[in-house]
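Student: The primary structure of each chain is shown beneath.
Protein chains: 2
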Amino acid sequence: MALVVKKFGGSSVATTEKMKNIVNRVLAEKGEDDNIVIVVSAMGDTTDNLLELAAEIGSDPSRRELDMLLSTGEQISIALLAMAFQEKGCPSISLTGFQAGIRTNSVYSKAKIISIDPVRIERELKAGKLVVVAGFQGITTDQDITTLGRGGSDTTAVALAGALKADVCEIYTDVDGVYSADPRVVQTAKKMSEITYNEMLEMARLGAGVMQPRSVEMGKHYNVPIHVRSTFTTQPGTIIREVYTMEEREFIIRGVAHDNNVAKVAVLGVPDKPGIAYLLFSELAKANIDVDMIVQSIRNSDQNINDIVFTVSKTEAAKTRIIVEEIAKQLGCFGVDVDENVAKVSVVGAGMLGNPGIAANMFGALGEAGINIEVISTSEISISCLVRADIVKQAVSAIHQRFFPNE
Amino acid sequence: MALVVKKFGGSSVATTEKMKNIVNRVLAEKGEDDNIVIVVSAMGDTTDNLLELAAEIGSDPSRRELDMLLSTGEQISIALLAMAFQEKGCPSISLTGFQAGIRTNSVYSKAKIISIDPVRIERELKAGKLVVVAGFQGITTDQDITTLGRGGSDTTAVALAGALKADVCEIYTDVDGVYSADPRVVQTAKKMSEITYNEMLEMARLGAGVMQPRSVEMGKHYNVPIHVRSTFTTQPGTIIREVYTMEEREFIIRGVAHDNNVAKVAVLGVPDKPGIAYLLFSELAKANIDVDMIVQSIRNSDQNINDIVFTVSKTEAAKTRIIVEEIAKQLGCFGVDVDENVAKVSVVGAGMLGNPGIAANMFGALGEAGINIEVISTSEISISCLVRADIVKQAVSAIHQRFFPNE
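Protein chains in written order, with this note's numbering: chain G, 289 to 695; chain S, 289 to 695.
Be aware that a few hints might be false.
Each pair may be met inside one copy or between any two copies, as identical chains are not told apart.
As the list claims (entries may be wrong) - Below are the EDC-like pairs computed for lysine to aspartate or glutamate, each with C-alpha atoms no more than 20 Å apart in a straight line:
(1) Lys376 - Glu340
(2) Lys602 - Glu662
(3) Lys417 - Asp348
(4) Lys308 - Glu340
(5) Lys306 - Glu344
(6) Lys376 - Glu344
(7) Lys414 - Asp430
(8) Lys376 - Glu320
(9) Lys417 - Asp430
If you are wondering where the hints come from, they were derived from the structure by calculation, not from laboratory data.
These numbers were taken from a predicted model, which means no experiment stands behind them.
Throw the hints in and build the complete structure from the sequences for me.
Tutor: Right under this line is the structure:
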């Protein structure tokens with residue numbers, strides 16, 4: 289007897305036909321005594337259609353009313369999916385976010401879950417029902433409806449799995465697991481059967497798009513295994529959990545991630561005085577710009593002048609340039625250079641802590657492929673290199689071949 | 289300073305353009321200190337579209353899930369309408385049935401309101417907001433979403449007006465008030481500026497379709513004046529309330545109603561024994577068939593044989609025939625005759641109690657027009673006659689001309 293939370297996204301419930309497919313699959317795989325909770329998103333285009341209606345009213349709708357509007361999308365999905373289970377003779381009940389006891393703060397359109405009271409879900413499970421819960425939504429202590437923002441339905445599923453002490457949370461998606469590199473870039477990329485929360489978080493941070501960091505963090509917090517698997521096949525996918533089973537330690541490196549949404553910002557000729565870095569990065573923080581890969585190098589030690597190089601996401605490059613140029617002028621720097629033709633390639637693996645050769649191996653692979661490294665940064669479980677954008681795929685392949693040699 | 293509840297139906301909020309029209313009208317008519325609560329239905333076709341999705345899943349969906357599904361329709365309307373008020377600079381907030389404190393029993397798809405806790409609405413009004421509430425829906429003590437069935441949004445509006453002790457509940461509709469007869473039948477029909485709850489209930493029972501009896505009863509219970517008025521004009525409509533103001537006593541008769549959805553059932557040659565009527569009508573009651581206008585006449589006093597004639601709605605004529613023929617056979621009656629070519633014409637007016645000439649006047653008007661009366665029945669505030677269906681319009685005109693002579 290297992291308790292399983294399964295999450296299906298908007299494309300999996302885009303039509304009533306697709307809903308029937310989910311029902312058939314879930315019932316075929318369900319053990320007699322299994323307790324199943326299903327979390328779903330809004331049907332295919334529903335959210336876009338609702339946003340279009342809101343746009344007809346005005347360009348800047350209140351977030352509270354927008355959440356009131358958008359949360360209907362999941363409510364439609366859960367009602368129809370529960371009907372579809374009932375139609376197949378499976379007792380089922382749908383629950384909205386508030387009925388499922390999902391309490392959030394009141395930051396509309398990107399609310400955070402603050403607690404889950406699973407008493408209603410548990411009662412329905414005990415009564416032998418399959419429970420269908422609306423993803424992406426919750427309720428404030430003031431009984432206002434909120435939505436959870438990006439990756440919200442995954443977060444709902446993992447948080448519910450945690451609160452219910454589920455055996456596993458299955459996230460059904462259009463890829464069949466987590467790969468050692470993007471399979472579109474590296475054809476020999478291997479599907480990992482297991483990966484740790486921290487590795488998955490680092491992979492996500494460094495550009496792997498399979499899971500939002502938010503739900504992985506939720507899984508780590510509750511220690512819920514997350515099974516990322518395909519909607520289209522019944523093959524097992526990748527299980528994200530705290531530790532590996534023995535046989536999974538084969539590779540020290542879990543994967544090679546890359547990210548094209550990177551811009552390099554160089555502030556040239558910065559006077560070497562205390563407080564300069566603070567001034568620069570606190571201004572960027574105030575503007576809500578995430579900064580990555582900070583490197584400071586000495587340009588001229590006699591004149592006490594440095595260069596500061598860092599990366600931001602490409603989408604924030606323009607905003608960053610304006611802020612940094614203003615500060616550079618104040619400080620009397622030589623100039624500011626923003627380069628959008630860069631990309632980041634990273635290796636991730638909890639095992640690298642005790643293996644000092646990883647960095648050398650990575651740099652060696654890039655060197656042999658004739659690829660120049662512009663900036664290097666490291667974390668406890670990853671090493672990242674900035675390279676020219678047009679050769680990032682070669683960089684990924686070269687590194688992947690080094691750490692995951694073809695059989 | 290007035291507290292007004294206004295209800296707009298699905299056709300009034302069918303598009304975002306129409307919502308903007310409502311906003312303009314409400315804001316133009318609103319006094320500075322007025323408190324406004326607006327109750328809305330689902331946008332135009334939303335409910336039909338949702339029902340279509342449910343039909344794709346199965347032919348007999350659970351009522352609970354259907355209510356979960358359909359209640360999204362009003363939720364979409366309230367969010368968009370609140371946005372539209374905000375867009376015009378009017379602070380506004382939308383509330384679902386559960387947020388508005390509308391508690392119902394758990395008879396899904398035709399739930400009854402059991403109580404309203406208006407604390408949230410009052411708080412928002414006090415904060416200077418215009419409150420937009422979802423009609424047609426409520427919540428059970430178990431936090432399950434219900435819908436109120438036919439005329440549900442009107443009922444929501446009147447019940448809220450009662451709970452909030454509103455000055456008036458305005459029902460916006462596609463007719464501009466309650467008329468002394470159906471204006472499509474009698475061109476000289478007069479719009480009544482006032483009518484009592486009981487008269488309106490009797491008019492509704494006897495075929496006038498402007499308001500569902502349910503919300504009129506709610507208004508009577510809470511003693512809330514209901515103003516039935518047009519969405520398309522700013523002219524005042526008809527106010528339904530307990531008593532008239534002085535100058536409204538001009539006409540003893542409030543209106544002439546007619547109903548084509550009538551069938552006459554005659555049970556011929558019924559033995560005159562105790563318990564026969566009970567047997568007949570209790571069987572019909574068990575089958576949930578409403579019986580109206582019962583007349584028993586003596587066919588042959590020597591043989592103790594009677595005829596029993598009554599009416600049912602035309603839509604239940606076939607079902608009635610089966611039940612009645614079975615009983616007639618058991619009792620050894622002569623036969624059963626079902627006649628669908630009849631219609632009912634009625635006069636309604638609380639004033640007729642103290643005016644014995646009304647019935648004579650009505651029969652006289654019909655007689656002068658050469659119209660035969662088949663069955664007569666009376667209540668405290670109405671007199672009804674059954675006539676041939678093809679001349680019901682002449683009957684209405686003749687009676688109307690008698691009681692409301694053209695100026």
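Student: All the hints need checking, so say for each whether the structure fits it.
Tutor: Results for each hint:
In this homomeric assembly, Lys376 and Glu340 come within 20 Å of each other (Cα to Cα) only across copies, at 19 Å, whereas the closest approach inside a single copy is 35 Å. For a Cα distance limit of 20 Å, the shortest separation of Lys602 from Glu662 inside one copy, 17 Å, qualifies, whereas the shortest one across copies, 86 Å, does not. In this assembly of identical chains, Lys417 and Asp348 lie within 20 Å of each other by CA distance solely across copies; the values are 19 Å between and 41 Å within a copy. Taking identical chains as interchangeable, the C-alpha atoms of Lys308 and Glu340 lie at most 20 Å apart only when they sit on different chains, with a minimum of 16 Å there against 28 Å within one chain.
Taking identical chains as interchangeable, the C-alpha atoms of Lys306 and Glu344 lie at most 20 Å apart only when they sit on different chains, with a minimum of 11 Å there against 30 Å within one chain. Within a single copy, Lys376 and Glu344 get their C-alpha atoms only as close as 40 Å, which misses the 20 Å cut-off; across copies the closest is 14 Å, which meets it. Taking the closest pair of Cα atoms, Lys414 and Asp430 come within 20 Å of each other only across two copies (16 Å); inside a single copy the shortest separation is 29 Å, beyond that limit. Taking identical chains as interchangeable, the C-alpha atoms of Lys376 and Glu320 lie at most 20 Å apart only when both belong to the same chain, with a minimum of 15 Å there against 57 Å between chains.
Proximity of Lys417 and Asp430 under a CA criterion of 20 Å is satisfied inter-copy only: 16 Å between copies versus 29 Å inside one chain copy.
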